[in-house]
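Read top to bottom, the protein sequences are chains A, B and C.
What the first sequence shows, in the numbering used here, is residues 1 to 167, in sequence order.
What the second sequence shows, in the numbering used here, is residues 1001 to 1328, in sequence order.
What the third sequence shows, in the numbering used here, is residues 2001 to 2675, in sequence order.
Honestly, I wouldn't trust all of these hints.
[As the list claims (entries may be wrong)] Among the chain B residues that face chain C by a calculated CB cut under 7 Å, a handful are: (1) D1085; (2) V1139; (3) D1140; (4) G1141; (5) T1228; (6) V1232.
Keep in mind that the hints were calculated from the coordinates and are not lab data.
Glycine is no exception: its CB is placed at the ideal position from the N, C-alpha and C atoms.
The lines below spell out each chain.
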Amino acid sequence: MNEVTIGVNGVLHRLTVDPRTSLLDLLRERLGLTGTKKGCDHGQCGACTVLIDGRRANACLALAVAHDGAAVTTVEGLAANGDLHPLQDAFIRHDAFQCGYCTPGQLCSAAGMLGESGPSAITADLETEPALTPGEIRERMSGNLCRCGAYVNIVRAIGEITETARP
Amino acid sequence: MRTFTYTRARHASDAVARFRTGTAYLGGGTNLVDLMRLGVATPDQLVDVSRLPHDQVEPTPGGGLRIGAAVRNSDLAAHPLVRADYPMLARALLSGASGQIRNMATVGGNLLQRTRCAYFQDTLMPCNKRLPGSGCPAVDGDHENLAILGHSAGDELACVATHPSDLAVALTALDAQVHVTGPGTTRVIPMPGLHRLPGAEPHRDTVLAPGELITAIELPPPPPGRSTYRKVRERASFAFALVSVAALIEVADDGTAGTCRVALGGVAHAPWRAFSAERTVAGAPATAETFARAAAAELSQAAPLARNGYKVTLARNLIAATLEELSR
Amino acid sequence: MNRVEAVDKVTGRAMYAYEQRADQAAAYAYPVQSATASGHVRTVNFAAAWHMPGMLAALSCTDPPELGSAEDPELALFTTREISYRGQLVAAVVADTLENARAAAAAVLVTIDRHQHDVRLRADHPGLYTPDQVNPGLPAATSYGDVAAGLAAAAARVDVTYTTPVQHNNPMEPHAALASWDAGGNLTVYDSTQGPSFDRDTIARVLGLPPGRVRVISPHVGGGFGSKGTTRPHAILAALAARAAGRPVKVALTRQQMFELTGYRTPTIQRVTLGADTSGRLTAVAHDVVEQTAIRTEFAEQTAACTRVMYASPAMRTTHRLARLNMPAPSWMRAPGETPGMYALESAMDELACAAGLDPVELRIRNEPVTEPDSGLPFSSRNLVACLREGARRFGWDGRDPCPGLRRDGRWLTGTGVAASTYPARRQPSRATALVLDGGFVVRIAAADVGTGARTALTQIAAETLGTSPDRVQVELGDSDLPRAWLAGGSMGTASWGSAVVKACEDLLKNEGALGSADTAEDVAADSSFARHAFGAQFAEVHVDTGTGEVRVPRLLGVFAAGRIIDATLARSQFIGGMTMGLGMALMEGTFVDEAQGGFVRKDLAQYHIATCADVQDVDAVWLEETDSHLNPMGSKGIGEIGITGTAAAIGNAVYHATGRRIRDLPITPAKLLA
Chain A
1 MNEVTIGVNG VLHRLTVDPR TSLLDLLRER LGLTGTKKGC DHGQCGACTV LIDGRRANAC
61 LALAVAHDGA AVTTVEGLAA NGDLHPLQDA FIRHDAFQCG YCTPGQLCSA AGMLGESGPS
121 AITADLETEP ALTPGEIRER MSGNLCRCGA YVNIVRAIGE ITETARP
Chain B
1001 MRTFTYTRAR HASDAVARFR TGTAYLGGGT NLVDLMRLGV ATPDQLVDVS RLPHDQVEPT
1061 PGGGLRIGAA VRNSDLAAHP LVRADYPMLA RALLSGASGQ IRNMATVGGN LLQRTRCAYF
1121 QDTLMPCNKR LPGSGCPAVD GDHENLAILG HSAGDELACV ATHPSDLAVA LTALDAQVHV
1181 TGPGTTRVIP MPGLHRLPGA EPHRDTVLAP GELITAIELP PPPPGRSTYR KVRERASFAF
1241 ALVSVAALIE VADDGTAGTC RVALGGVAHA PWRAFSAERT VAGAPATAET FARAAAAELS
1301 QAAPLARNGY KVTLARNLIA ATLEELSR
Chain C
2001 MNRVEAVDKV TGRAMYAYEQ RADQAAAYAY PVQSATASGH VRTVNFAAAW HMPGMLAALS
2061 CTDPPELGSA EDPELALFTT REISYRGQLV AAVVADTLEN ARAAAAAVLV TIDRHQHDVR
2121 LRADHPGLYT PDQVNPGLPA ATSYGDVAAG LAAAAARVDV TYTTPVQHNN PMEPHAALAS
2181 WDAGGNLTVY DSTQGPSFDR DTIARVLGLP PGRVRVISPH VGGGFGSKGT TRPHAILAAL
2241 AARAAGRPVK VALTRQQMFE LTGYRTPTIQ RVTLGADTSG RLTAVAHDVV EQTAIRTEFA
2301 EQTAACTRVM YASPAMRTTH RLARLNMPAP SWMRAPGETP GMYALESAMD ELACAAGLDP
2361 VELRIRNEPV TEPDSGLPFS SRNLVACLRE GARRFGWDGR DPCPGLRRDG RWLTGTGVAA
2421 STYPARRQPS RATALVLDGG FVVRIAAADV GTGARTALTQ IAAETLGTSP DRVQVELGDS
2481 DLPRAWLAGG SMGTASWGSA VVKACEDLLK NEGALGSADT AEDVAADSSF ARHAFGAQFA
2541 EVHVDTGTGE VRVPRLLGVF AAGRIIDATL ARSQFIGGMT MGLGMALMEG TFVDEAQGGF
2601 VRKDLAQYHI ATCADVQDVD AVWLEETDSH LNPMGSKGIG EIGITGTAAA IGNAVYHATG
2661 RRIRDLPITP AKLLA
């Protein structure tokens, strides 16, 4: 067993953990923060996406013991003071979810993505800062699978927010 | 998952000193944790090397680039020097995995990721890579996305796995040098050359000895010419390559090809440097005919399996199309 | 209006089965599966597992538990040592943490005497038989007219075989359950299910309990697409494990385990034979299907049933034959029957259009039936022709040159394709209650919202009936203690539940505010004989790089006629969601069956490819006004499944138009285009 200190949504937690425990299971099983979802447990679906030190990551592949000292933001921490984060609000207005299971991961991924700079796999000119066109959003969000097929509305919701929100 | 002790190393020598049989070095964990959860990797000690002071990307005096092994994939892809001077490398990185995984994955760990062959990943299946002698069910089974070059399908310890890293393909084309430190040794391993073909030891993916730790990748100055990385896959994103190509070509004013580099992904146990193709192109007219001839020369060595012959066609077409695109 | 549970879903507050709490800390169960497709379990050895930390209980087929009825062999866990498929549950462990349970399960040693297995579906399989009926109670074979004569007389003929692979539902939420027994022997199961009432009944029956002693609670479900429509082994496992451990137990199947334990769509081999006269009118239609089922369980997908409703023909034959294989039992996956069947039929119609020199839209219009071809029943409403015409107009189909392989855009050859879609519009009995509470209304029904927006649609239906605004209506669902309701499936949810909700609200109004209740069983039984189907037309534009085999779909359009649309936003999301699944089906989905090893390979989301965000470009769905008074009080048709039914054929037809290559085996991958 290992001692770790991890900040989650601004609250510091000091815990003794089984080294095998993923950050995902730490959130869901130990801290009761079930907003972050387990879809595949192998980094292949993105439902477990959280922000670790401000950058989007798959919590299922992050061992809790390896993230001592990290600051984690989950979907529960996106909204400030009870207001919805602009992405959450946009997702509702654009009906960017159906069953809702991939949604927390989509939101954290989008929040992280908006803070990233540089080209993507589809950017023509590597040396520019590309505009977040629908095509760029689609490529950058491809690490988040949605079996209900809400992609069209997800891209619209994120597109509306691209200029105005940063995590 | 087997239980293990976890320690964080602060320096390379510290990491190496802790190494013993049953130890695995932990980078971003994007492949290792995956394999541990599958029961394929069963370390009893993890030494975390993700916070070693190997996180810098720096120009070298010779005009090249030195990349610390702990640099994250996304940071390397976004680095201005990489985008400006090694576009092939940036594109290879950006085509890999997902944004989340690129943020977590380290350069060193990426090179050492293991094959995604379905049988390798399932401990209830025979696999000569996991358990030499147990057999290779892929030869008669699901090999549509496995090797066409350099495999050992007909051998006693058959293995037709491919190496999944896009980064490795670009580094192979760029003649990268891999800096390694181990118990009592420090050495530089050239790429191609880090990854092995399966041969008689399919359980060994690389030439690294137990305990050796990658500390940095050094790139020579960028060769003249235009370069890119193209990855063909079954869906538009977030998928491993069927075949990928890292290509570079320099074309003189008179239309003659100068420097040419070609490396293939998705076709072999190691990233495949297409030396025959390069030799065919260098000094020849940079035309479609030359490129087709070069691709054919390289793929003449191919030994496709029953259901992956399409990769031969795909690799040939991709080499030719990419060189053409770079020559326009 | 926004979805009722929208804020809960975007804030992570919506709780799915595994996330619920029992009154005690739950333990964890982890399955042990057979690595053999056929055999007899000799021993199950827990010695090493019991030495591992945290072990609480062990379950095994060598120590069969007390169960009730064993009518579904998949659910009668651990009652047989006979192995019928690779992945079958042979044992399980219960431990105090997830990590301990997983590690202990890996330490269980199972020895199995292996028998020969047969996992290969082929058209000449010696064991092919015709089942008594196909899902859901339709005849396995139909025939009228003289097909042979019709084909002989045809001016244009098509005789082609289409094949589709194993497809897996793969909802984003893995199947999961939390089971707890109280001191009185009552069982509460938080389950991820498409039908709390049915799930409760099945769990009770399997465990040998009166239904009143079991409660299933399922407020939010992370998708099902059919795989959660019937009770799955994880729920029984949770209940048995909780009984054995003496405390609540939760189980979440891993993604890998889902491939063998939660059903899948059968692969199909479909021969479609069409004949048409010189004006393109069909003279004969035959649709002969070969598909698989399991050794101990029969599931017969109604693959050719769609052909019985689509086009007028003086002669028609449809047949289904099954092979029993050492594979898990296939089950429902979004639009069972219509999905693979329309792929083959609508692709064959495209081939017939080419053979007859007719525009594919025009061919379908010329064969529009007056009554349902096989049964002769009148359609309650049918507007396929209008959908085709409207879709053609919107898609720019007019003046389309049918000749393939002519259009190039850089490295891409481009093409367009069309296909019809259909899905039956049915309803099933359900009950509901409505009451006045705190200045508003509460409607109760054991329906399920698996992402369809049922909660929201029913809120609107109730509000409209009550003559009030939706914000004054609260719908309670997802609990088997609520009035018994049909499951979310067969696109029958809204129709079934809405009928009961309307009736209950009307009853409340009539009672002037006491309690309204309804049971639609009699109404449904009295539904007159009509052919009730939704129809649609789907158009696809594809770009194909013939050098690499890459296929991209820049445009997909669906035009549907599905009765009255309850909520435009929810409907559009459902249509597009179905079309997105159809895109995956066309280009990338398929689970490999390893014949030597006897089971599925590619058992995760990195190898089983579903569409990513980057694959989905311009996908749009619109609908036509359609009034139909023979359906239900809302005048609506189900829309959850029709979106997938025409998509794969539209894409495949577009690939042909782009390249001149007809790929008759899904998915259409680079490997096939480069072969």
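Hint by hint, here is what the structure shows:
1. D1085: violated, 27 Å
2. V1139: Where the cut-off is 7 Å and the nearest Cβ of chain C is about 10 Å from V1139(B), the hint is violated.
3. D1140: It holds, given that the least Cβ distance between D1140(B) and chain C is near 6 Å, below 7 Å.
4. G1141: Constraint on G1141(B) satisfied, holds at 4 Å.
5. T1228: violated, 14 Å
6. V1232: This interface hint holds because 5 Å falls under the 7 Å limit.
Figure legend: structure checked against the earlier numbered hints; hints not met, in rising order: 1, 2, 5.
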